[in-house]
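S.K.: So the protein lines, in turn, are chains C and S.
In terms of the numbering used here, the first sequence is numbered consecutively and its last residue is 438.
In terms of the numbering used here, the second sequence is numbered consecutively and its last residue is 586.
Just so you know, the hints here were simulated from the structure itself, not pulled from any lab data.
Each residue gets a CB set at the ideal place from its N, CA and C atoms; glycine is no exception.
One thing to keep in mind: the hints can contain errors.
[Claimed, not checked] Selected chain C positions facing chain S (in silico; Cβ < 10 Å): (1) Val-233; (2) Ile-250; (3) Ala-363; (4) Ala-374.
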Amino acid sequence: MQLFLEQLVNGWALGSLYGLFGIGFGLVFSTLGILNAAHGTYASWAAILGYFSVTQFGAPFPVAIAVGVLGGGIVAVAVDQIAFQPLRAVKAGMLGALITSIAFSIILDSLAGFATEHQSLAFPAGTYPRQMVDLGVIKVPQMQIITILALLVCASGIYFLIQKTRIGAAMRAVGWNETAAALGGVNSRMVILLTALLAGATSGLAGVLGGISTSNVSYALGEGLMLKGFAAVVVGGYDDIRGTAIAGICLGIIEVFVAQYISTSFRDGFTYIFLLAFLVARPRGLLGSVNFTRA
Amino acid sequence: MEKVLDLWAAYGSTVVFAMVNAFFALSTYAVLSVGVLSFATVVFAAIGGFLAAQMVAHFQTPLFVAFPLAAIAGGLAAAVLAAAFLKLESHWMALASLALVLITKVVALNAPLLTGGVNGLIVPAKASPLELAVLLGLATLIFYRLYHSWFGLISLAVREDPAVASTMGIPPRRIQFIAFVISGIVGGVGGAALAFTLQFISPETYFIGIAFSMIAGTVLGGSFHWLGPVVGAVVFTALPTTVQAFVPQIEDVAKGVVLLLIMVFLPRGLIDPRAMRLRKANQKTTPQPVAGKDAVV
């Protein structure tokens with residue numbers, strides 16, 4: 144029973160990373176209509192920036208997190224302005240942006256390789272909270288609690304932002320039709336920047352937290368998050384934050400339980416079987432909405 | 290003569306891989322030209338590649354039998370996928386097909402009997418560059434004929450606006466289904482061509498790398514013209530070699546920057562029929578510079 148609970152928390156924490164990462168990916172996809180192949184590199188870069196802020200400048204843990212989040216957001220905004228804005232101006236659609244995002248993922252990945260000297264770095268012990276919290280039945284590492292809370296706070300916060308505020312209404316309007324939104328008085332340029340910033344920041348948060356808890360700060364970090372975060376987005380429904388968060392948590396728990404109770408070699412297999420089942424049975428995802436625009 | 294042989298020794302493999310990538314790009318173009326963004330080409334390639342490899346390894350089938358078998362298998366897989374996924378809205382279609390690529394790798398990893406699993410498969414046959422060139426020429430000829438046929442016109446209508454197309458009596462779903470099957474056939478052939486080029490395939494072979502190069506090839510070259518994917522695939526395959534010759538230290542960065550620049554300045558690709566028409570019309574009247582004039586190769 145104790146093992147079961149411990150693994151449940153492990154899976155939940157892992158899944159929270161996938162969810163956090165997926166939220167940003169889904170946000171960009173639904174609001175800006177961009178299938179962003181460079182999204183994983185934001186996480187890698189956030190983790191690298193956080194790492195350097197700790198090792199070079201001795202930043203405390205909360206500052207390292209803040210550096211990662213801000214760094215992810217700034218990288219995302221820069222990529223958006225350099226790679227996507229010129230294409231938006233000529234209405235090149237989803238395809239052009241996909242290619243420029245691939246271009247940026249190549250550039251940022253290889254720069255990340257230079258920054259880490261092609262090694263996998265780990266945050267030095269003692270620079271992040273690593274005590275165990277006693278919950279009665281089981282003891283849980285502090286990092287896991289922080290990760291789980293981070294997803295809960297971010298997911299509910301962004302959900303509230305999108306569904307209940309004027310800014311969120313503007314974001315949904317731009318996602319539906321940018322021109323119509325502009326006619327309705329929405330400053331779509333600002334909405335686009337805000338969306339990119341939010342997406343980069345959540346991805347960055349996932350990157351820093353993931354880099355700390357998996358002791359792996361390298362370009363491979365973003366790649367791994369990308370594959371699983373993408374699965375979470377497809378299972379959850381890309382236009383709903385809640386779906387992505389729930390799906391991310393489920394995928395993490397499934398992954399850990401399969402590794403624990405069935406076989407470690409099926410660890411990834413089950414995730415994708417789950418994904419396939421969803422694609423066949425409920426292709427628009429857990430909470431995805433039905434779209435009536437297509438003839 | 291010797292110089293030619295030297296050149297071939299240095300760049301022969303680039304040419305061969307450019308031809309293989311051209312198959313993938315054509316396969317992607319087939320579905321893009323009816324307005325569907327799909328990464329399923331990788332799936333068809335995997336099916337065609339592993340089938341062709343196994344046929345040659347176990348039954349010693351000659352290449353000219355293995356290629357059609359791969360084509361048929363790819364086409365059948367495409368028909369199944371199209372039946373299951375074409376009902377999806379276009380954004381979802383892109384996501385779902387990308388997810389299928391990930392699933393394909395996992396399936397291939399866990400079916401060692403068919404695919405060799407993690408260890409991969411050694412392919413005991415090799416396609417000569419000439420054979421590949423003939424096959425690619427044939428495929429390109431078919432796409433050229435399709436482009437100038439009623440089907441090409443109809444698919445353009447479906448791509449621009451399915452709703453308008455259906456009011457004109459065009460069944461968009463059926464056109465998209467046909468395009469998918471064509472994509473599957475070409476993708477299967479491409480997968481087999483890759484298997485007979487590398488002579489070693491594993492689940493890693495048919496993965497995101499192909500997805501990136503096929504979509505980049507198609508869009509770089511221009512997804513509005515039959516020649517676009519071939520040109521794009523050549524450019525995209527030759528890019529790393531060229532860049533390496535100039536700036537070996539930052540090869541990847543330079544490759545990304547070139548890709549970015551091409552897309553930003555030529556968002557409709559290197560070969561753009563609209564820009565060609567504009568230029569032709571312009572030459573007839575007054576010789577004024579036209580936006581997108583550089584798009585013509």
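S.K.: Take the hints in turn and mark each one as holding or not.
M.R.: Hint-by-hint comparison with the structure:
1. Val-233: C:Val-233 check passes; min Cβ-Cβ to chain S is 5 Å, inside 10 Å.
2. Ile-250: Holds, about 4 Å.
3. Ala-363: It is violated, given that the least Cβ distance between C:Ala-363 and chain S is near 13 Å, above 10 Å.
4. Ala-374: Nearest chain S Cβ about 7 Å off; hint holds.
Going down the numbered hints, you'll see the structure goes against just number 3.
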